[in-house]
Amino acid sequence: MRAGLVSSTVIHVGLIGFMAVSFASPSAFAPPAESMPIDIVSDAEMTKMMAGKKEAPKAEAPKPVVEKVGEKKAPENLEDKVVDKPEVKAANEPAPPPPPPPDVKPPEPTPKQAEAKPTPTPPAPKEAESLQAKPPEAKKEEAKAEVAAKPAPAPPKKPKDIPPKVVQTPPKEQDRKFDTNQIAALLDKRTPQRQASIGDTINNTASLGARVGSASSVSQTELDALRARLMSLWSPPAGAANPEELMVTVRLRLNADGTLSGPPIVITSGNSPFFMAARDSAMRAVFRGQPFNMLNPATYDQWKDIEVTFDPRSMVGG
Amino acid sequence: MTQIIRPGFSGPVLGRRALITSAGALAGIGLLSRPAHAVLKLDVTQGTVQPLPIAISEFVGGGGPQDVEAGRGVTQIITNNLRRSGLFAPIDPAAFVEKITNPDASPRFQDWRVINAQALVTGRMTKQPDGRVKAEFRLWDVFAGQQLIGQQYFTQPENWRRVAHIISDAIYERLTGEKGYFDTRIVFVDESGPKEKRIKRLAIMDQDGANVTYLTRGDDLVLTPRFSPTSQEITYMSYGSGEPRVYLLNIETGQREVVGNFPNMSFSPRFAPDGQRVILSLQQGGNSNIFVMDLRSKATTRLTDTSAIDTAPCYSPDGTQIVFESDRGGTSQIYLMGADGSNARRLSFGDGRYSTPVWSPRGDIIAFTKQGQGKFAIGIMRTDGSGERILTEGYHNEGPTFAPNGRVIMFFREAGGSAGPQLYTVDVTGYNEQRVPTPSYASDPAWSPLRS
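Residue numbers (the numbering used here), protein chains in the order written: chain V, 1 to 318; chain U, 1 to 452.
Derived from the structure by calculation, the hints contain no laboratory data.
Heads up, a few of these hints could be off.
[Claimed, not checked] Per label pair, the in silico range of CB-to-CB distance:
no. : chain 1 : residue 1 : chain 2 : residue 2 : range
1   : U       : Tyr153    : V       : Asn271    : 21 to 27 Å
2   : V       : Asn271    : U       : Ala419    : 35 to 41 Å
3   : U       : His396    : V       : Pro263    : 50 to 56 Å
4   : V       : Pro263    : U       : Gly73     : 35 to 41 Å
5   : V       : Ser314    : U       : Pro194    : 48 to 54 Å
6   : V       : Asn271    : U       : Pro65     : 38 to 44 Å
7   : V       : Asn296    : U       : Lys375    : 53 to 59 Å
8   : V       : Thr259    : U       : Glu69     : 43 to 49 Å
9   : V       : Thr259    : U       : Phe349    : 54 to 60 Å
10  : V       : Ser272    : U       : Pro65     : 41 to 47 Å
Remember, it's a predicted structure, so these values are computed and weren't measured experimentally.
No residue lacks a Cβ here, since even glycine has one placed at the ideal position from N, Cα and C.
Could you build all of it, start to finish, from the sequences and the hints given here?
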């Protein structure tokens, strides 16, 4: 009796324990995760950086967040390039006499290293004066607000449409030399993708930002809708002997309203009749699919350029 | 400089692809990557196979009223051909907005877009001073707004039907990528008269049922005609005087000869791909074996030697293999062997009995008749015996034959009762079953290669 009770208890406990362990494992049928494209890229960081804060005061021109003071060489060169020639002259030489002579000659034909290249006369002395007057102002301001103050570089352009410039330095030193042998040094050597967080002064407060300066991205739903549209319109030539020939990649450039801004560009190439038929069927699907109005105009930057691969292999191969 | 990370690229995506594909639903996997210029990438792996809406404007008559008449006829034939293929949906001309008067000028594409035509055919028939007819056509892509092809042909006026078929083939090939099959003919056994006293005549016609010509008078029973792949000849079996024999018939001269001089019944002939040899079955006692005969040297080679019925041989398109039917395993099944008779092995393992194997001209599949559970079905399988698929099934379906592009199969069907057999076509996908118009009952069709 007692032995029976003990063994019964032991077996029950063992059985229940086993069941608790063996059936407690999570279901093997976890729903397949939606694959959401994620970028951990400076690109997105850039846009986030430019994103505005609602409570930020409205500035004349949106200023970028600057986290790090960058080297100044390249920006200076850039500025050199931008600045009008008369300014260089005005900076190098003592203030021109009020009625400037029509043609200023170089003081001396210096050897090779002409200190100041004989530049043509500034057509408008006033402009030169005003430009000259600017830098001191900027310096003053800088002195006042050490951190974030800058001379308003804003031209009368609409601030919202232009991506805010990353670095805008006032011309700092006026005693630079214009050397014809070093023109190359004046060229803008920046790579197209600049690290946006570099600037000349630290600026931690975000400005109101631009309309497109948010890091939102094309949603999976939009992509699915776009794909569904293309699938419903694409009628691939079925039953080809070797379906590899039927793969077509097409590059679309879209307008903000979802229409094609130009004929799609076929990236894959081939010259078999099967490929031509497949290419044409893909093109027809794209032409008929427009406007692709399922795409949100707010994320236009991300879908203005789409590469679509039409791949019928899984259909044909069955 | 930029690190691109694509989470879910390998695992979840593949799983999803498999799921969706098996569900047969819309599918497609989009992947995103944003390199420097942020190109959004999207994969579309499933489409919707649907007939292409095509507008075939009436061919303009370039000269007199007979040109207008010919243009109308050509338009009609092209429309009919493309519709019957199942891959095109010709648009009712009543819906056309623009009337094409000058086929050389670019059409107003927006007028054709509104009726959702994706392709447009324009053309003209002009009688030439030398009595011939010039047929020209252009195929336009309506949405891309460009011409896809434009060709012209000169022919005798009585050949206008053929020109229409050739134009149909050109359109078909340009839009599907595959060779067409419209400029072909069908040889078949025409059956007329009451059931108990059927007259069977060998007949030939265009693939659309026009231009029927009778090749025999119907005195003798004829069966299993087959086209030569290279010449205007057919081979068939006929009960001439006494023993059934295999004959060779030149369809242009009408010249007829017996193939070989065999003591017993010879049957189920078929040409080798080179057109120089005929492979056939010879009866030997209660069994039959497969032989091949060179048509020039008349040399005969035995390929099988079994105590079973080996019949219905058919070469692969490259001539290296032969598929045939045999009951050596007990019931009739499909076997494969080398062209010299070596290495015979069984291909069909499904329920039921398999017969009349035919190798696709494209080489990728074998069509057969399958008999089981009181039904006859036409099916296809891969050349290794896998992937069997039944295309159509019914009271009696038999005798598949491939169109030259390997996409369409023709066969004959009896519905049961007193009605006789009729010819049908079906896509190798199993869709688009169509009856082929014949003057009366018909059986044993054989598709010709493309005429040249």
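We went through each hint and held it up to the structure:
1. U:Tyr153 - V:Asn271: 21 to 27 Å: The hint (21 to 27 Å, Cβ to Cβ) holds, given that Tyr153 (chain U) and Asn271 (chain V) are roughly 24 Å apart.
2. V:Asn271 - U:Ala419: 35 to 41 Å: Check failed, 50 Å falls outside 35 to 41 Å.
3. U:His396 - V:Pro263: 50 to 56 Å: Since the Cβ atoms of His396 (chain U) and Pro263 (chain V) sit about 53 Å apart, the hinted range of 50 to 56 Å holds.
4. V:Pro263 - U:Gly73: 35 to 41 Å: holds, 37 Å
5. V:Ser314 - U:Pro194: 48 to 54 Å: Once the Cβ atoms are compared, 53 Å apart, the range 48 to 54 Å for Pro194 (chain U) and Ser314 (chain V) holds.
6. V:Asn271 - U:Pro65: 38 to 44 Å: Since the Cβ atoms of Asn271 (chain V) and Pro65 (chain U) sit about 43 Å apart, the hinted range of 38 to 44 Å holds.
7. V:Asn296 - U:Lys375: 53 to 59 Å: Given about 56 Å between the Cβ atoms, the range holds.
8. V:Thr259 - U:Glu69: 43 to 49 Å: holds, 44 Å
9. V:Thr259 - U:Phe349: 54 to 60 Å: holds, 55 Å
10. V:Ser272 - U:Pro65: 41 to 47 Å: 43 Å Cβ-Cβ, so the 41 to 47 Å window holds.
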